[in-house]
Amino acid sequence: MLELRLVQGSLLKKVLESVKDLVNDANFDCSATGFSLQAMDSSHVALVALLLRSEGFEHYRCDRNLSMGMNLNNMAKMLKCAGNDDIVTIKADDGGDTVTFMFESPTQDKIADFEMKLMDIDSEHLGIPEAEFQAIVRMPSAEFARICKDLSSIGDTVVISVTKEGVKFSTRGDIGTANIVCRQNTTVDKPEDATVIEMQEPVSLTFALRYMNSFTKATPLSNQVTISLSSELPVVVEYKVAEMGYIRFYLAPKLEEDDIENQAEARPEVNKKPKEEPIVDAKPISEIKPKLEVKAEDENKPQIESTTAVGSKEEIDLMDDE
Amino acid sequence: MLELRLVQGSLLKKVLESVKDLVNDANFDCSATGFSLQAMDSSHVALVALLLRSEGFEHYRCDRNLSMGMNLNNMAKMLKCAGNDDIVTIKADDGGDTVTFMFESPTQDKIADFEMKLMDIDSEHLGIPEAEFQAIVRMPSAEFARICKDLSSIGDTVVISVTKEGVKFSTRGDIGTANIVCRQNTTVDKPEDATVIEMQEPVSLTFALRYMNSFTKATPLSNQVTISLSSELPVVVEYKVAEMGYIRFYLAPKLEEDDIENQAEARPEVNKKPKEEPIVDAKPISEIKPKLEVKAEDENKPQIESTTAVGSKEEIDLMDDE
Amino acid sequence: MLELRLVQGSLLKKVLESVKDLVNDANFDCSATGFSLQAMDSSHVALVALLLRSEGFEHYRCDRNLSMGMNLNNMAKMLKCAGNDDIVTIKADDGGDTVTFMFESPTQDKIADFEMKLMDIDSEHLGIPEAEFQAIVRMPSAEFARICKDLSSIGDTVVISVTKEGVKFSTRGDIGTANIVCRQNTTVDKPEDATVIEMQEPVSLTFALRYMNSFTKATPLSNQVTISLSSELPVVVEYKVAEMGYIRFYLAPKLEEDDIENQAEARPEVNKKPKEEPIVDAKPISEIKPKLEVKAEDENKPQIESTTAVGSKEEIDLMDDE
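Chains as they are written, first to last, in this note's numbering: chain A, 14 to 335; chain B, 14 to 335; chain C, 14 to 335.
In isolation and in its complexed conformation, chain A is listed as follows (with noise of 0.2 Å):
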């Protein structure tokens, strides 16, 4: 039996608006710990992690562990007929195969029952290591979202480069290049406008445009987004869930190769010379051991897999983390 009572139900809309479009179907899983999700997105390229603790629930009932196979898609049409201000309540039973969405309006007048068939999906946990970052950049997540789609009007990767004045994001298309610079600023009137790095190491890595757009989905969750990086690691953004948990999405950087296979998929029609110089310090991330693999499907294209190693340890790993 499981119950949870969320008075803030728009956080779940939010939630789900958020990686609805980066991943097709997914397993939440329900412990006494939390509600959490952790899935790649469709292409084996991104990895999605949610969690939401159990103390930020108003009642949170959960007999035994359970995990409960979804479509995104059209769990977030239901999601989206609840009101903005109403409370959701999530119900499933232990041995059934369907989960009810309860939305209760503030005044009680209106009451609406959800009720969805749940989904058998194969998927195993990723152990998620506790890793040191090379630098971790603080800043406004309406700020960022601007950056990347102002970038993806000229190219389709972004070279993010953290130094200790602070963090530069480029791009280079067809129709010139762009570079953006946030300084560090921590003398704002509102702690949302704050841009803080801490950098242990200057850090220069490459992600695909595409799927930093896709995270900043998330940007109507928190104020602020966290871009952790680190060149043997894929990179961390991440956004709070109020006070309750997190969205943290991972991205394995582009080595050089990726680039110029990625250009020619994207535009077959234009001459495809690879414009951006090597990334020398971005190493293979199939090198990062042990706990993390990033095993290359076709040789070019990197994916993020679990190790058969990976057991519970590592799963509560990601829930209890933070």
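Each hint should be verified, as a subset may be incorrect.
One copy or any two copies: either way a pair holds, since identical chains are not told apart in the list.
Okay, derived cross-link-like pairs now, DSSO-like style, lysine-lysine, Cα gap no bigger than 27 Å in a straight line [unchecked claim]:
| id | residue 1 | residue 2 |
| --- | --- | --- |
| 1 | Lys33 | Lys162 |
| 2 | Lys130 | Lys203 |
| 3 | Lys104 | Lys162 |
| 4 | Lys203 | Lys253 |
| 5 | Lys181 | Lys93 |
| 6 | Lys253 | Lys104 |
| 7 | Lys162 | Lys230 |
| 8 | Lys181 | Lys104 |
The hints are simulated quantities; they were obtained by calculation from the structure and are not laboratory data.
Start from chain A and add chains B and C according to the hints.
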């Protein structure tokens, strides 16, 4: 000679916006009583009746009864050119083949004349008898519109069930089911937020959401909508037009057979098993006598048609009624 | 070396938005006088002239005259990345093949550089003589935009007729006719709401609404628009750019023959009888001498082209004028 001056010209704009998608061509009838329209939708399933009483106009001159055939899309195009604060005057000569819409800005600085060609349209007035309904629901129009839209993301039909406690809107589709209950609520701060249920006996009827969604285009006309239900009659969905009249939409309930057929039309690629229990209390509308007759053209698609017995008395009924 | 710093960077964004749909590629000319552009639209029917005077820039350095060929769509893409409060600086080296747009946020926390490749574009300056107009109408730009949009839903051309009482905009199409009269009105609360008519003699000219609608993309630049009409000249539709310049659109009036041809092109399925009376007072523009010549390429489609006599004096005329 016809000259109707409407200070709140935006009402006419909103009226056109609410019927133009449902009805292509229709006769507007002008008499001493008022300016009215009655028309079937293009698939002959729903009926629209509009009345703007003469007292609601600042100036109302109609020397003799006049029936003006108009293409509602073209009429809407012209009315869209009126400003929201403009005074609208409708002018026509008795023998003429055009109608003129004059728009005056509040400051009289801008005056526009739009002249439209009239059409010959065959139509007969359907006498709509005064009827007793099993249940009448009055609720916020925006709430009703939201419910119809939300349910459309799940299924194709809505079951509206009224009990003393409230009104329930239900649907069922491939991805699951949905039930939305609105409770009677008369102790509200603003009268337009009230939900009032007058029930003689419980009723439960099924309708095509496509039409319901079309009717809710009239939502900008009024804060409240009235839904009148009887198992022997088409539902009446009514929006008041200021203090001067109404727009009413009539729709025959769906029978179980319709359901199957319509689903087969709409989604030919999926399994066609009927998912809803037969609605046993919805009698075939063709049994309703004597004035309103619903004929099933192809044994499955119900149609509302006027009987030959319909005369001028009933036509006046429609205009005088209320 | 070129360096132009514009504090109100949003002006440049709005300028680009107002011309990019009309003109694909154009030379921006930079001299001690200012930053200007003159270009024909891609179908060679309309002409755009932009001037931003050097005094309007916070910093204006232009060591020698420079003509920079740009793709306006790409330039608009880059300028869209500027924030509305950003300071925009345009930089170029004398011999270089690129131009750089720098955007600084008001707090200086975010600085962006966009570098765009320049193009070689063949173009000659058209000398535009000082002219006397039969009538000059100044009116709210939003009102003019609304009228052009409204009339487009009825017909393809607009007849603009000026008398002492006001200016009349008329059109005619398959569904009917429309006439919109705006009266002279100088006793308004806000100066930008005034409609002022300076008339030497009555004038009535016909124009393609497609171009007029394109010109009104400049509406965000200014609260007022000035329309200068003469039966011997192209109409001039002018929007001021703050206190620093203007954008002017020139369009030759349509002759009756054009009307027929264009309607035939636009709506081949309907009966092609010309519906408008011949506009007898609109002399063929090709008769206008000596500096501005309109040549009918295919005997029907009027074009504005520069004569060989056009020299540097006239080019400066365009910039110095007003």
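Outcome of the hint check:
For the homomeric pair Lys33 and Lys162, the shortest alpha-carbon distances inside one copy (19 Å) and between copies (20 Å) are both at most 27 Å. Proximity of Lys130 and Lys203 under a CA criterion of 27 Å is satisfied in neither setting, with 44 Å inside one chain copy and 39 Å between copies. Taking the shortest Cα distances, Lys104 and Lys162 sit within 27 Å of each other only across copies (24 Å), while inside one copy they are farther apart (38 Å). Proximity of Lys203 to Lys253 under the C-alpha cut-off of 27 Å is restricted to the intra-copy arrangement: shortest distance 17 Å within a copy versus 38 Å between copies.
Taking identical chains as interchangeable, the C-alpha atoms of Lys181 and Lys93 lie at most 27 Å apart only when they sit on different chains, with a minimum of 19 Å there against 36 Å within one chain. Taking identical chains as interchangeable, the C-alpha atoms of Lys253 and Lys104 lie at most 27 Å apart only when both belong to the same chain, with a minimum of 24 Å there against 40 Å between chains. Both within a single protomer and between protomers do Lys162 and Lys230 lie at most 27 Å apart by alpha-carbon distance, with minima of 11 Å and 24 Å respectively. In the homo-oligomer, the alpha carbons of Lys181 and Lys104 lie at most 27 Å apart only across protomers (20 Å), although the nearest pairing inside one protomer, at 45 Å, exceeds that limit.
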